[in-house]
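**Q** Sequence:
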Amino acid sequence: MYIKTLITLLVFAPMTVSADVQLYGNIRSGVAVSQTKTNGSSHVTRTAVEDLGSYIGLRGSHPIGNGSKMIWQFEQDTPVGSSGSMREYFKRKKENSTIHTGG
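In mature numbering (1 follows the signal peptide of the UniProt record, and there is no 0), the protein residues as written are -19 to -1, 1 to 84.
Heads up, some of the hints might be wrong.
What the hints assert, rightly or not - Computed beta-carbon distance windows for the label pairs:
| no. | residue 1 | residue 2 | range |
| --- | --- | --- | --- |
| 1 | 76 | 15 | 29 to 39 Å |
| 2 | 51 | 4 | 14 to 24 Å |
| 3 | 53 | 33 | 42 to 52 Å |
In case anyone wonders, no lab produced these hints; they're calculated from the structure. The C-beta atom is built at its ideal place from N, Cα and C for all residues, glycine as well.
Produce the complete structure using the sequences and hints provided.
**A** What follows is the structure, encoded as structure tokens:
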């Protein structure tokens, strides 16, 4: 019984590792500085980290037979600015969730 199980695992094991998955992304951020002068005497300077289009994603392919592959991709904006935490961003995103398909 043990030998049959071992042979079955050895035969089907290569099929489970044939999928290709890639984690990718880009962090784009910058520092924004603004200065406001009022009546020439008082001024306010603000500095903030701004998000310039950061994202993270997963993409890959999986064989479906006869040499054909299914290709898939999931991508998500990931803000890194000082205007809020990522937890708050994803909470708002979940409340207003949308699904996009196609190119």
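**Q** Enumerate the violated hints, using their earlier numbering and listing them in ascending order.
**A** Checked against the structure, the only hint that fails is number 3, while the rest are satisfied.
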